[in-house]
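Heads up: the sequence shown is residues 18 to 166, going by the numbering used here.
If you are wondering where the hints come from, they were derived from the structure by calculation, not from laboratory data. Some clues are possibly wrong.
Quick list of the computed label-pair ranges, beta carbon to beta carbon [to be verified]:
#1 ARG147 / ARG50: 48 to 56 Å
#2 ARG72 / VAL114: 32 to 40 Å
#3 GLY116 / LEU20: 35 to 43 Å
#4 ASP91 / ALA52: 49 to 57 Å
Remember, predicted model here, so these are calculated numbers, not experimental data. The beta carbon of each residue, even a glycine, is placed where N, CA and C say it ideally should be.
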Amino acid sequence: MELDDVDRAILAVLSADSRASMTDLAEAAHISRAAAHVRFKRMVESGVIAGFTVRLDPVLAGYHASAYVTLSVDQEQWQEARERLRQIEEIEHIALVGGEFDVMLLVRARDNRDLRRIVLEQIQAIPAVRATRTLVIFEDFSNLPGAAG
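Construct the complete structure from the given sequences, taking the supplied hints into account.
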């Protein structure tokens, strides 16, 4: 699906607030509410808008430790590793990447002890995982106003 500036304006509003009204979308895109609704529906049906989520403040939700964890995995077993990783509820994001490692995870944990348990007992227990590197997040700016999130 080809997106134009009107579609991008609608998506910008929804990215900032997925609960925005059709009126908000129409005003941002400088179109009628009916036209905004048609465009919104088209983007949902085409898969451009893949779903609606809630963005939590991890600390207020009880996750006081966060880390990016990079993995090196056996290439023949990466799909099995991905499926096992999807079962770990504390993993917020999984990305297959290129470079010196194969997979990057965003992990949220109650505290550092819980983070250690997740990495050592759950992630490293997956047979396809050859090595991990944990990068502890000291401060997360993604929930600040104006931050990409």
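Tested hints:
{"no.": "1", "hint": "ARG147 / ARG50: 48 to 56 Å", "verdict": "holds, 54 Å"}
{"no.": "2", "hint": "ARG72 / VAL114: 32 to 40 Å", "verdict": "violated, 22 Å"}
{"no.": "3", "hint": "GLY116 / LEU20: 35 to 43 Å", "verdict": "violated, 29 Å"}
{"no.": "4", "hint": "ASP91 / ALA52: 49 to 57 Å", "verdict": "holds, 51 Å"}
Figure legend: structure checked against the earlier numbered hints; hints not met, in rising order: 2, 3.
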